[in-house]
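Novice: For reference, the chains in residue letters:
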Amino acid sequence: METSIIIAGFGGQGVLFAGQLLAYAGMKVGKHVTWIPSYGPEMRGGTANCTVIISDDVIGAPLVAQPDVAIALNSPSFEKYEPLVKEKGLLVVNSSIITEKSQRLDLETVYLPANSIAEEAGTIKMLNVAAIGAMLSRRPVLELEVVQATLVEHMSKKKAQLVEANLRVLKRGYEAGSLVAA
Amino acid sequence: METSIIIAGFGGQGVLFAGQLLAYAGMKVGKHVTWIPSYGPEMRGGTANCTVIISDDVIGAPLVAQPDVAIALNSPSFEKYEPLVKEKGLLVVNSSIITEKSQRLDLETVYLPANSIAEEAGTIKMLNVAAIGAMLSRRPVLELEVVQATLVEHMSKKKAQLVEANLRVLKRGYEAGSLVAA
Amino acid sequence: MVTQVAEQEQVVYERPRSLVDVPTHYCPGCTHGTAHRIIAEIIDELGIREQTILVASVGCSVFAYNYFDVDACEAAHGRAPAMATGVKRVSPDKFVFTYQGDGDLASIGAGEVIHVAARGEKITTIFINNAIYGMTGGQMAPTSLIGQKTTSSPFGRDSDLAGYPMQMAELLSVLPGTAYSVRRSLHDARHVIQAKKAIRIAFKAQLLGLGYSIVELLSSCPINWGMTPEESLKWVKEAMIPVYPLGDYKVADELKALTKKGRR
Amino acid sequence: MVTQVAEQEQVVYERPRSLVDVPTHYCPGCTHGTAHRIIAEIIDELGIREQTILVASVGCSVFAYNYFDVDACEAAHGRAPAMATGVKRVSPDKFVFTYQGDGDLASIGAGEVIHVAARGEKITTIFINNAIYGMTGGQMAPTSLIGQKTTSSPFGRDSDLAGYPMQMAELLSVLPGTAYSVRRSLHDARHVIQAKKAIRIAFKAQLLGLGYSIVELLSSCPINWGMTPEESLKWVKEAMIPVYPLGDYKVADELKALTKKGRR
Amino acid sequence: MPKQLLKGNIAIAEAAIRAGCEAYFGYPITPQTELLEHMSRRMIELDRVFLQAESEVAAVNMVYGAAVTGARAMTSSSSPGISLMQEGFSYIAGSEVPAVVVDIMRGGPGLGNIQPSQGDYNQVTKSAGHGDFHPIVLAPSNIQEAIDLTVLAFDLAEKYRTLVFMVADGAIGQMMEPAELPPMRPLQDRRPEWALTGAHSREKNKISSIYMGAEELEAFNLKLQEKLALIERIEIRYDEQYIDGAELVIVAFGTAARVAQSATMLMREAGLPVGLFRPITLWPFPERQLAQIAKKAKGILVVEMNAGQMLHDVRAAVGPDIPVAFLGRMGGSIPMPDEVEERARALLAQMREPENYLLQESGNGHPSR
Amino acid sequence: MPKQLLKGNIAIAEAAIRAGCEAYFGYPITPQTELLEHMSRRMIELDRVFLQAESEVAAVNMVYGAAVTGARAMTSSSSPGISLMQEGFSYIAGSEVPAVVVDIMRGGPGLGNIQPSQGDYNQVTKSAGHGDFHPIVLAPSNIQEAIDLTVLAFDLAEKYRTLVFMVADGAIGQMMEPAELPPMRPLQDRRPEWALTGAHSREKNKISSIYMGAEELEAFNLKLQEKLALIERIEIRYDEQYIDGAELVIVAFGTAARVAQSATMLMREAGLPVGLFRPITLWPFPERQLAQIAKKAKGILVVEMNAGQMLHDVRAAVGPDIPVAFLGRMGGSIPMPDEVEERARALLAQMREPENYLLQESGNGHPSR
Amino acid sequence: MAKGRIVIDVERCKGCELCREACPKDVLIIAEQLNSKGYRPAILLDPEHDCTGCALCAVVCPDGCITVYRNIVKKEARVHAQAVT
Amino acid sequence: MAKGRIVIDVERCKGCELCREACPKDVLIIAEQLNSKGYRPAILLDPEHDCTGCALCAVVCPDGCITVYRNIVKKEARVHAQAVT
Ligand SMILES: Cc1ncc(C[n+]2csc(CCOP(=O)(O)OP(=O)(O)O)c2C)c(N)n1
Ligand SMILES: Cc1ncc(C[n+]2csc(CCOP(=O)(O)OP(=O)(O)O)c2C)c(N)n1
Ligand code: SF4
Ligand code: SF4
Ligand code: SF4
Ligand code: SF4
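Protein chains in written order, with this note's numbering: chain A, 1 to 182; chain B, 183 to 364; chain C, 365 to 628; chain D, 629 to 892; chain E, 893 to 1261; chain F, 1262 to 1630; chain G, 1631 to 1715; chain H, 1716 to 1800.
Hints are computed from structural coordinates only; laboratory data are not their basis.
Small disclaimer: the values here were computed from a predicted structure and weren't measured.
For glycine and all other residues, C-beta sits at the position ideal for the given N, C-alpha and C.
Among these hints, one or two may not hold up.
Stated by the list, open to error - Here's a subset of chain B near chain H, in silico, CB distances under 10 Å, partners left out:
(1) Phe192
(2) Gly193
(3) Gly194
(4) Gln195
(5) Leu198
(6) Thr229
(7) Ser257
(8) Pro258
(9) Pro265
(10) Ser277
Just need the whole structure built from these sequences, with the hints factored in.
Specialist: Written as structure tokens, this is what we have:
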């Protein structure tokens, strides 16, 4: 089984960290993983994205034309990736700032108010973690517990006091994900 | 018929000009000619040489391993080229400053006191022309008259007053060449 | 949010004609944008847009050729002065300027800029000194300050290992072909206005055929300095200016007049 | 022509130990040879032959590594300062010097030499300024004088087209990493002796770890100047010195003492 | 050492450090920069030499300087920077000192872009500078291999006193994968006797690439060519997958090989007779090995992220008797597995009706798409 | 014009001037320097642009600058200088502006020496810089041809908006031969409309080699490859001598071809079935033409002044069915006609007893001597 | 009636806040809602009609988003001149 | 008896004449016959034994051909010192 996930948003939305979180978690449970960021001029202002692949056997291309899952944290990302998601794939939309709706009927779509969830359960910066939670609720590629554990391990020391908050946000995202109608 | 001639000596001995003189003359009478100098570090102090090829048809390599004729104006050149001259080839030696004698019996050798001849008939600087004269006396690749005419044409204007002297030296070299015993 | 414009109103400030009407890719608060704007204002003012050729360089300003509405080319990293030399030599009637960052001009391009100054090429350089490599993500530049932490001097620039900040305006002023070499800053309105004055003079130096002219502009890089735009301008003022004193390092006699009497 | 040596005689001058006992390829009267000799004399005097690494450059001195009896390598044209940086950084206990001509250092190598000075690399450069490219047969150098006829400035160097002579000792003195930057000449015995003094101080600057040191030596190129050795030295004195004033342009405080009191 | 999630550029830098790299000189350029950045921290911590050079030209000449003293030195860059280092490479080859160079290739020509590419294949394998020489060129296709080949690079450089390149594209430089780092090696305790260490109680050492006389320079070149011939005999490395019974053999290196591998796996699962041949040393190129395999196959498909550079070496190796097709993407585009599969299936089909074959074959080296 | 006795370097310079070269930027280097020196006098006399750049890096970027304005610009250098120009070449190719480069090759690698060599064959034909491009490469073997090809170089550069190289070795640069110069052409009266001349009563023009998106850069590269494919179709040039009935075909270019020609003439006079094939465009290489000839021959002998660089292209062109032998000299040594004849005679003999053949064939590209 | 007035191109604005800093009258604020680029643009908040049209905001704006209008009043011509010079 | 004496390595000498120029006593001349390198070397011509061993010739010789000897006379030590420093 191989799952490819694209996470995209503005520079400041923690897109890269969210991807690494999944990669670390996958590695933790002995799966093959790759993580690759968009790099270059997008760095300036624009949007950032990364592709994570979690698989049971050796991974070929670290990039995919059509991801199994796309997590869009802002409108440009929604516009770019909504059309690319594989048939029957999952699309997580940050409805706090994305007003568009997907017209595709062959997708499973989650409209998650990531900003507000993050702000309520922690700080707005944690919207990326909320989105991961929602995604996990629909695609159990990894157990929630594993991701939680990974979060604890990998949050840089100086951010330690934020771990609790992040865990809360992750959980709320997960719950919201399972609730919100497709 | 193709004749290859190497002229070698100290930087100041007019080696390159002597070679060009022959090339121009050859061209004048419609022959194929090439002229190629040694270049590079020899420029510093050391010796200079050039290879001239005069031929009735197209010339391949502008350089030869074994010349038909070698004109050695100083001892280093004598040492370097005496062994290389083709069998039955011609070796012109400037005996004014070269004390060595060739041991080869398969060569035609002319010991020409080029410096003194030049000094007597013109200036010591013209020793190169003297050597050319001697060579022509033994290898009529070109008529003396042709070379004389070429000399007149090609001596840079400012050196014009020296033309007469050069012609004298050329002639004397020619005569000496034909006299001097092999 | 267009509102009624009253009759007696007049426009006292608007985007210069020579700036293409597109958003730039520069980060919020980056004064590359400010530099672009005042350059375009001078091009408009001098009416030279149609005879100007921009030689852009490699750095965050790599897309400058998209922002100025003039003929433009894009040089290899550090070679803008050489490329501009080629352009100017075959087009002496054109106005040719390079726009270069500090990595581009002071590091890899040091040899080329020294030589246009030595030759007195009749070109102009706008030199953006932001004490860092912006485009590539914040590495140390020859202009980084002692102790400055960058992604390639994680413990702060140590002069023992990485040398000292290069003062290019001063260095280039030593060369006889330089007609005009000054340093200005973009950290507040007053200094932006002075910077604009200097650019006008630098451009005139070329139009008068006096030789090489260069304006070094102290600029900000909020993103890679890890500061807000506001903090960045403060840092320019308080940390950079002491190391890079503003001033005129070389002003050809023919230009002295211009520097005196104010605006034109 | 060996003659009896009287008992009470003493040798007051002989070839330095650090010069290999071979004839050089330099043209008659070329002061490259003089420079070699006094450098070797200082290496002997300071007893550093066995810890010295020479970085030769590309120019007539390309074979310098054959003439000095020290470990030596040969850099690419103009890159001796960069190569020497590599050598010194991994061998801080060694004495490292470059020997470069004006085409090598001031033209193609301008960027590299500027940067060793900016970084204050602990290396020393002996810079031979003969106002021409010798090795390649007499083309114009950045140091050629205005009006000087060379094989690539047949009508004489025209500053409008080819710029102005570069005064490297002055230029490099501007950079903070430079501990010692002076200009001397080799045109007569008195000046040769002064040049030797300067070389001693430059070497000490490195041994004391003070930073980059360079001695610019005005030198002759009889062959390409088309002069006799004697005329050449006269030209150095009368034509070059006015454009390249002899003097000390940067002397680190720690070295001031040495410059004062005479020979040691 | 346990596996860690490592970014290619950083994995290579750390591997170099553990392999005993004493000095790093480089200049920032995307997509290679993290390599330099990692060095800027770790080398200083370890009290080794890190210096950000003023340019790639300076960087390669600093490496040259460190190398003549016998120190283990390296630099890294990306395509445009590699172009600027060509003269330096030629000098290093001409004076036979060891040095390691990492090229994280990006899209060209010119400034191009910073996306993954394999456009420097010819530059590093055919002509890393003027004159007759070849660096050894290693091409990893995953992070673990990048680590292992980095260590090997230093060993080969020293063993043969030669220039060794490791080339990867931006994708490998930028991606993260689990991989294991080697243990830290002790630094060499003393420098080789040919090195410049000061003429102390021995004759002076000279290192240069000058041989003024044609005879001397020719003698040197013959010696150099012998060394290269030896390397060609014993240092060839490559990888094969699903080669047994493969009618169509895909040839690819680096990231293109990863993609080809996915496609190959899928096709094998679907029962199609497809195999993968992956050169690990691009120079020396596994010519004979590939020729052997080609004998048993019916067709070859070369997949590259360029206009078809390795393609020429493949053609030369397998000869005209077996059709060679090409699938190339350029400018930072990475071919996708389904793209490769599609092309491969088409070729397999054609093999059954060979007459159409020639129509399908791509011209000499130009992408067929 | 009557024939004059002309030195190669000067003939090329004067031909460039007469072909309408508006700007020359260069840096002195033996054995090319007389070319620059001639320009320094004539271009100034004609009130055109001559500038001695501070380095080859600057020179090529000045040419780039002049080229974007549509001016006919050129530079010249020799091997080490050509290495330094690689980045510039890649930018010129990436922005599709015309430029002419003359490379008077010398012995390498490194500083090597200044004697004649053909060691840059791979550098100019396979990789004149990072990324996917090829300059057109012209190789004259006598002074008259050097003159004619120089004029052609400017025309091709403009026709295709591409980089055109003329490569010769030090011997051709330094020797004198009778040759005829072309008449002086008038300079172009105005610049092409793509050029940078100031955005006067028209939209601005932009020239750059940047295509940030992978798709755009790939699109550009495909366009570039199409242009190169067109050039490969219609710009191939070569010369044949004594090919009819030749059992042994000698393949050589430049000075090596002159030598081979002498040898061939002598052998033909002696009634031996030997012919000469001389590529004039090294890129595009006359692959098919050579393949045709090979079909009729029994053996090939490649003669080069390097370790066997063109040899690879010859092998690729003729395939494995016909034996290809190699005679190479390096480091400034020029092969002599008798040397070539000796080798050719040996090969002809072997063709009669093929069994020994393999023993005699030289390894992959390495000189057999 | 205010002496001056500015118009900000909110789509081009990147919310760097430099104009707000520069404004001597504090009549600029940063909007709550994001523009399509994801930035919170500056907007003119001028209840007391305090904007003098001094143009200092426009002078410092890196993105040239601000157009400044002013009622013509002789004595202010100089200010303007100096401001934009 | 002369105060000094020099020995010139005639095979290394290139006849540049700089030593002759430098010699305050004019005791150096250029030989008639060439050395094996083709140069006319400098030689010591010291009939009146004028050579003071001042070493100025050696100081200017680009080719280090000259060895200088001197009879030890206290008061001259300084001269020497200065000369070779
Ligand atoms: C030959 C080469 N080397 C390196 C690079 C990578 N590079 C791009 S921009 C840049 C430096 C940018 O810094 P600076 O010039 O200060 O401009 P800024 O981005 O700060 O405005 C570098 C090193 C390149 N494109 N080409
Ligand atoms: C990259 C490169 N460009 C050019 C040359 C040719 N070249 C050799 S020496 C030299 C200049 C020598 O002049 P200078 O440095 O002044 O030393 P000098 O010979 O005068 O002592 C040049 C241009 C080269 N070897 N390599
Ligand atoms: S990285 Fe720095 S210099 Fe570049 S645009 Fe952003 S702020 Fe400006
Ligand atoms: S060419 Fe000039 S610099 Fe070179 S050795 Fe001769 S005189 Fe000296
Ligand atoms: S200065 Fe310009 S970009 Fe910055 S907030 Fe104000 S209007 Fe927006
Ligand atoms: S100075 Fe030296 S080289 Fe010159 S003539 Fe005197 S001894 Fe000979």
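Novice: Each hint needs a verdict: does it hold in this structure or not?
Specialist: Status of the hints after comparison with the structure:
Here the hint on Phe192/B is kept, as its CB sits about 5 Å from the closest CB of chain H, short of 10 Å. Given the 10 Å rule on beta carbons, the hint for Gly193/B holds: about 9 Å separates it from the nearest Cβ of chain H. Interface hint status for Gly194/B: upheld, as the beta-carbon distance to the closest one in chain H is roughly 8 Å, under 10 Å. Interface hint at Gln195/B: satisfied, since its Cβ lies 9 Å from the closest Cβ of chain H, which is below the 10 Å cut-off.
Using the Cβ-Cβ criterion of 10 Å, the hint placing Leu198/B at the interface with chain H is not satisfied: the shortest such distance is roughly 16 Å. Given hint, Thr229/B at the interface with chain H, holds; its Cβ is 8 Å from that chain's nearest Cβ, closer than 10 Å. At a threshold of 10 Å, the smallest CB-CB gap from Ser257/B to chain H is about 7 Å, leaving the interface hint in force. Annotation: Pro258/B was flagged as interfacial toward chain H, and the flag holds, the nearest CB pair being 8 Å apart, inside 10 Å.
The restraint placing Pro265/B at the interface with chain H is violated, with a minimum CB-CB distance near 19 Å, outside the 10 Å limit. Annotation: Ser277/B was flagged as interfacial toward chain H, and the flag is violated, the nearest CB pair being 14 Å apart, outside 10 Å.
Against the hints set out earlier in the document, violations occur for numbers 5, 9 and 10.
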